[in-house]
Amino acid sequence: MRFMVIVKATEDTEAGAQPSAEMLNEMAAFNEELVKAGVMLAGEGLHPSSKGARVYFSGDKRTVVDGPFTETKELIAGFWLIEVKSLEEAVEWVKRVPNPTGEESQIEIRQVFTEDDFVNASEELKDRERELRAEQEARASQG
Amino acid sequence: MVATDARRAVEAVWRIESARLIAGLARMVRDVGLAEELAQDALVTALEQWPEQGVPRNPGAWLMTAAKNRAVDRIRRERNYQRKLEQVGRDTAFDHEPDAGAKVGEIDDDLLRLVFTACHPVLSTEAQVALTLRMLGGLTTDEIARAFLVPEATVAQRIVRAKKTLAKAGVPFEVPAEDERDARLASVLGVIYLIFNEGYSATAGDDWMRPALCEDAVRLARVLAGLMPREPEVHGLVALLEIQASRTKARVGPDGEPVLLPAQNRARWDQLLIRRGLAALARAESLGGAGGPYALQAAIAACHARARVPEDTDWTRIAGLYEALSLVAPSPIVELNHAVAIGMAFGPEVGLELVDELLDEPALKGYHLLPSVRGDLLVKLGRHAEARVEFERAAGLTRNERERKLLLDRAASC
Chain H
1 MRFMVIVKAT EDTEAGAQPS AEMLNEMAAF NEELVKAGVM LAGEGLHPSS KGARVYFSGD
61 KRTVVDGPFT ETKELIAGFW LIEVKSLEEA VEWVKRVPNP TGEESQIEIR QVFTEDDFVN
121 ASEELKDRER ELRAEQEARA SQG
Chain S
1 MVATDARRAV EAVWRIESAR LIAGLARMVR DVGLAEELAQ DALVTALEQW PEQGVPRNPG
61 AWLMTAAKNR AVDRIRRERN YQRKLEQVGR DTAFDHEPDA GAKVGEIDDD LLRLVFTACH
121 PVLSTEAQVA LTLRMLGGLT TDEIARAFLV PEATVAQRIV RAKKTLAKAG VPFEVPAEDE
181 RDARLASVLG VIYLIFNEGY SATAGDDWMR PALCEDAVRL ARVLAGLMPR EPEVHGLVAL
241 LEIQASRTKA RVGPDGEPVL LPAQNRARWD QLLIRRGLAA LARAESLGGA GGPYALQAAI
301 AACHARARVP EDTDWTRIAG LYEALSLVAP SPIVELNHAV AIGMAFGPEV GLELVDELLD
361 EPALKGYHLL PSVRGDLLVK LGRHAEARVE FERAAGLTRN ERERKLLLDR AASC
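Order-wise, the sequence lines are chains H and S.
Just so it is clear: in the first sequence, position 89 is 89 by the UniProt record's numbering, and no numbers are missing.
Just so it is clear: in the second sequence, position 411 is 411 by the UniProt record's numbering, and no numbers are missing.
Calculated directly from the structure, the hints in this document are not laboratory data.
The beta carbon of each residue, even a glycine, is placed where N, CA and C say it ideally should be.
Keep in mind that a hint or two might mislead.
Claimed, not checked - Coverage of chain H stretches by chain S, computed from C-beta distances (three or more under 8 Å per stretch; other residues unrestricted):
(1) 39–53
(2) 75–84
(3) 88–98
Construct all of the structure, not just a fragment, from the sequences and the given hints.
Here is the structure:
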């Protein structure tokens, strides 16, 4: 199972505060542990939302709004993608994420959809997948 | 805490901690079999206590302390109590968290010793596989049994016998000396590759794939790469497995039937795994390992991964890579794949000529892919009646139900 581990933003991360050397070291050590256990697929830290933008959708309309955004606790400061056997294992890993500043913060764990989830969720998508596959196969057999 | 929650939490901790736990204990008691039993004892203790007391803050250290306490209990009952206790006591203080003091390098060394012991040549391949999944993969006997479609008792017996064999042969808990190391590393890589292949192309049963087993193998390969970062072939194996695993979703059709490479919807390939695979391949090559058998196979897989549509596949390069592979790791199966690549690069006549040279190869006598490949080439040459016979023959040889159905369908369409 693949999980996205979402590090929520704090006032500090939104202010663009650089992590301390201590924090960088502890994070690096933790990342190394994830890599050595073979569970880490990817992981990145994100710039503050002031450097980002949002696109709002309404029917055909698209509205672009530049950051920063105000709802700090809902924003994302970074993420990991990990591959583990269960939500419990993901939780067990996340409990080990260092919090050297001791500040209040939170990390959210969300399971990544696999195709099976989608296929079960929607017949329409299943059909679309079949179409895509048929197209692909038709193309392959011509080649 | 609800008992089932606690049980799942214990299992999660076990998955993360068991290899280090067993490795650390094995260093102390110099016996991986005993270490594994002690670790299991600690697991049982956790299952008893955590539901009531909650999961401890440092579960790994808790398990280590529990295991060491059991070690003392058990050793006390043995004749050589004194000698073994001295070994245990040397780096153990029972009243505080003993694992906290272990240095990173030390843990790596222990894990590496565990890898080489679990894959020791004194053991049968089956035993190596079972021990590797159990001791390094953190899989339960039941999970291993399900993965390989054998009764749990069989796996349990295999593990017991393997541990006895190791003890009886006096296999030391150590990384082999340099002169032996390459050969031993090759068998370690072979065991992981075998686990992957069992998952990727299930040799028997109703499933065409057992993705969980593939995931375990990829994880083990990544762990090994972390332990031996300077070994190019380890990265070669990681690259090969990541790229092959990237196709998992595309290899199965809506009704669970196999979808072969040329027919796969490449949009369903996992680009993250492909990227990781290509990075691992680059690592292998930068360490001077481009010519190793796993790196070469990874390079072939990379050729497919880089082609957005099948027609973009660089078959000439693949044919060259197979030729190189046939020099470092010659086998009739490599020859067969080489013939396929040549056929794709230079036309089906040439491919068929090469395949026909393999018809008398005893190692390929019962191999379903030989008639399957021949059938494929014959179809391309418009020789449909002959092709049908070949697909039917291939269907009769495979032990995998899904694959048999695919082959019979192909025969019927000739």
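These are the hints, each one checked on the structure:
| no. | hint | result |
| --- | --- | --- |
| 1 | 39–53 | holds (count 3) |
| 2 | 75–84 | holds (count 3) |
| 3 | 88–98 | holds (count 5) |
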